[in-house]
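Starting from the known structure of chain A, arrange chains B and C on it as the hints suggest.
Residue numbers (the working numbering), protein chains in the order written: chain A, 1 to 157; chain B, 1 to 787; chain C, 1 to 150.
Read the hints as simulated data drawn from the structure, not as lab findings.
Any given hint could be a false lead.
Keeping only pairs whose Cα atoms sit at most 35 Å apart, straight-line, the calculated DSBU-like set for lysine-lysine is [stated by the list, open to error]:
| no. | chain 1 | residue 1 | chain 2 | residue 2 |
| --- | --- | --- | --- | --- |
| 1 | B | Lys126 | C | Lys62 |
| 2 | B | Lys184 | B | Lys312 |
| 3 | B | Lys126 | A | Lys71 |
| 4 | B | Lys429 | B | Lys319 |
| 5 | B | Lys586 | B | Lys13 |
| 6 | B | Lys147 | C | Lys91 |
| 7 | C | Lys91 | C | Lys77 |
| 8 | B | Lys13 | A | Lys146 |
| 9 | B | Lys131 | C | Lys29 |
| 10 | B | Lys780 | B | Lys438 |
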Amino acid sequence: MASVSMTVNGKAVTGDVEPRTLLVQFLRENLRLTGTHVGCDTSQCGACIIHIDGIAAKACTTLALQCEGAKITTIEGLAEPGGKLHPMQEAFREHHGLQCGYCTPGMIMSALDIVRRNGNNLDEHTIRDQLDGNICRCTGYHNIVKAIEAGAKAMAK
Amino acid sequence: MSATGIGAPVRRKEDFRFITGQGQYTDDVTRPGETRAVFVRSPHAHAKIKSIDVSAARKMPGVIDVLTGAQLATDKIGNLICGWMIHSKDGSPMKMAAHPALAATKVNCVGDAVAVVIAETIAQGKDAAEKVKVDYEVLPAVVDPAKAQAKGAPQIHPDIENNTIYQWHLGEKKDVDAAFAAAKHVTKLDIVNNRLVPNAMEPRAALADYDAGTDNLTLWNTSQNPHVARLVISAFIGMAPEHKLRVIAPDVGGGFGSKIFIYPEEVVCLWASRKVKRPVKWTSDRSEAFLTDAHGRDHVTHAEMALDANGKILALRAKTIANLGAYMSTFSSSVPTYLYATLLSGQYNIPSIYCEVDAVYTNTAPVDAYRGAGRPEATFVVERLVEVAARQMGIDPADLRRRNFITAFPHQTPVIMAYDAGDYNASLKKAMEIADVKGFAKRKREAARRGKLRGLGYSTYIEACGIAPSQAVGSLGAGVGLWESAEVRVNPTGSVEVLTGSHAHGQGHETTFAQLVSERLGIPFENVSIVHGDTDKVQFGMGTYGSRSGAVGMSAIVKALDKIEIKAKKVAAFMLEAAEGDIEFKDGKFTVAGTDKSAAFGDVALNAYIAHKFTGAELEPGLKETSFYDPTNFTFPAGCHICELDVDIETGRVDIVNWTAVDDFGTIINPMIVEGQVHGGIAQGVGQALMEGAFYDAAGQLVTGSMMDYTMPRAHDLPSFHVGLTETKAPSNPLGMKGCGEAGAIASPAAVINAITDAIGTEHIAMPATANAVWAALQKSQAPKAA
Amino acid sequence: MAMTMTGEVQLPASREVVFAKLNDPEVLKACIPGCETLVMSSPTEFQAVAVTKIGPVKARFKGNVHLTDLDPPNGYKISGEGDGGVAGFAKGGATVTLVEKDGGTLLTYNVEAQIGGKLAQLGQRLVNGAAKKTADDFFKNFAAAMNPPA
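Just chain A, with the same shape it has in the complex (with noise of 0.2 Å):
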């Protein structure tokens, strides 16, 4: 056992972990944080995405002793404290973005990225570029991409 300690949503947190435990094991065993998912164990499906230090990263293959000191954010982290909807949320709900819902936090924590990396007027062809990392079964992406359209104009808000 080796002790990890990080940023959580704002929270310190520690933890005795074992070398080979996987950030998302830390989150879904040890913090109890389920919303971050394990759709997949070979890196391609994205329903576990996070971001470290404001990146979005696979927590699936990320070890939990990897992010000693970082700052770490997940689904549970987007919304502010009173509750109100983080605008990307928002978005999801108003075009139906969603349908099971397991692949959603990791679709959230993707999008959040993809207004990161390409500012918040986004058009239909990049967002469908940039979601190469994350795979819904449910929606066939139509509503995820009008979601994150709107959501990214709604954030410069």
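Here is chains B and C on its own, set in the frame of chain A:
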């Protein structure tokens, strides 16, 4: 239409918890003292188990127990079953082989579980699983169903000759043969409907908790139909009496059919929990899912269509071999028979149809229902035949379809189904307008200038949904009735809980069902909760599949609401001191006809419970009603999808440039959700047509066993879709609903392949039509290689 | 899944020397990439343990190896099967032919192998490359073994 009533695009109630990471999927549920199950699985497709040595595994850190199939047999845990009896042509019943939850003597596919480690943590369980020593005697394997039927093929199950489960048929062969003999034109096609892996994003999971104090077992699982799971696990597997077993399917992350079935792992978790007296959780990793989730499709078909000189279809015949894999999954027998051959009439008036189906065991994962289940296979056969016939006869494909459309209803097809309503010309016409078919020739020329071959393909599909009248499916061999239940509980404050036997795993029932109740009772949408997925709360239900939750599940709610109105009127009559017959109910208000006396719904609800205005002898207190609704017919959603695509001449890459879907789903409760269902269905159908395919090598190893090799559509593989609607009400249910969940997946593969073959000028191309396959076909075709 | 591979390597030694070294457990152990133990149980049978990594799957394979069709100094057939536990299995064989060439020996090998389990499921696209690299490494080591350090 109110802002939250029937027909309104209400935003979903369930979304808040999902977009904030607060959904509760099975793996998110934990129980005190929880242990983890890790399965030891066969790396061989076909082998005898000579011995299993678990002694080293037992000594590993954190290991609580290691269990094998021999112990399962000792404890008399029953086999998994297939619940739909099919009889062969000769009248003999289908041959269902034993399917133990843990293989004890022989494995029949890669991934067959032979032992389970119960450990404190997953990591410890995996370490211990490495130490389980299984001595296999490897046997020759067979993965191709035609080869499995051949003489000398490896025998997968004892006493099942030629590995053949049944040889079934439907229709009048004599009539069909006569029609073919007289036909001016015959079109023939050999079709493979490729095997698919459903890949719902949430992997399957099971958490079993045995309470020794009460002898009760609770199972949380990723199920589309928890009550059926409880029934089968209790009645057939003998795990526990039904009243001592509770099944909870919490939030479920997609199903597409694959979570209908009862799987070995949930049986083993229940059994193990009782043995180790602690909760046992198993969560599939994706690698396990590829090997052990029931796959879909996998038909090999020879099909022929006979037409007269005017392009009028005279008859259709098909011979299909269906690969059911190593074991018969829960509803596997029904998919290539009553869900397939009964739809071979498509939207067309075809006088004679004959279909033969052989179902075969192979050393591959079990195959069962996957989105559409039989109907996509039927649609693909019919729509490919029609398209190819039109091209061969020099008739415009849309025109040939129109010449054959059924236009008078009800229409009895030669293959059981009685279509009750539809307007196939309307959906074709509207789709052609939206897709701008008139401008296609010009767009094709423009594409050619960019080095692209443009193609256009139609699919005018039909499906039978809302399954189904219990008496009808019973006569066809189903082991269960396919009604649905609803219980409407009106609280004293006037808020309402609806307990439904349907189960939502992405479909948005918490929203659409509440819309129905809100409109019907005239109460705020927010005051309605939908409860589902727990056998302790909902008395019984048949679950969600076959696009049935609207047509059947909501109809049950309507029936229960009718009873609520009748009872509430009695309460209101006492309150308003009027005759019951004079009470009218509208917009949430009870009024006495011809007076200004009224009572709000909430007041009536309160009075029903305080019962101050009537005695128990006059009227029972309370306001709660139940309905079991059994539909009188299938529903028949239908429509037209048009795919327009470009094929790159140099690489064979296909780009879908325009997709039009015009569907007739009857009454629509929430158009936003319906469109979402259509989008998702198209994506899965396009996936089947262009990229998805589960392939086994000759030794039975799954070589498309991860998301690295099994290609699922990503955002950049698809365009945005143009979705339109036409409407004819379904006469068989009170709401006129038909169902929308499977349409996209049923319609789309044929549209894609019709478009590709139109573009490259070949008669056929096999699915998945990858760039490599299209390029190879292009080399052989006569299509212009450049503009 | 099945795979086949052929190759040849020019060795600076006589066929007799090459053949002897192909039957020498110490030489084989030193040359097989990842080989941890190799124990001869008879002149034509040995047990070996080797660690192999193919793509995302890394496993310790325990296997039995048999030498057949011994035809000194012209060649032999080496075949075996390895059990990698949950990682799966590998089995197969190689026909090795030795001919005199340019004052040394030209060794030709012809491999047919079958893998299964997790190796096939996750590593199949990488197997041919991995096998080629393993063979290349083996023969690089084996060529070096022809000239033992003085």
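To see whether the hints hold, each was checked on the structure:
{"no.": "1", "hint": "Lys126(B) with Lys62(C)", "in the structure": "holds, 19 Å"}
{"no.": "2", "hint": "Lys184(B) with Lys312(B)", "in the structure": "holds, 10 Å"}
{"no.": "3", "hint": "Lys126(B) with Lys71(A)", "in the structure": "holds, 31 Å"}
{"no.": "4", "hint": "Lys429(B) with Lys319(B)", "in the structure": "holds, 33 Å"}
{"no.": "5", "hint": "Lys586(B) with Lys13(B)", "in the structure": "holds, 25 Å"}
{"no.": "6", "hint": "Lys147(B) with Lys91(C)", "in the structure": "holds, 24 Å"}
{"no.": "7", "hint": "Lys91(C) with Lys77(C)", "in the structure": "holds, 14 Å"}
{"no.": "8", "hint": "Lys13(B) with Lys146(A)", "in the structure": "holds, 20 Å"}
{"no.": "9", "hint": "Lys131(B) with Lys29(C)", "in the structure": "holds, 25 Å"}
{"no.": "10", "hint": "Lys780(B) with Lys438(B)", "in the structure": "holds, 29 Å"}
Of the numbered hints stated above, none is contradicted by the structure.
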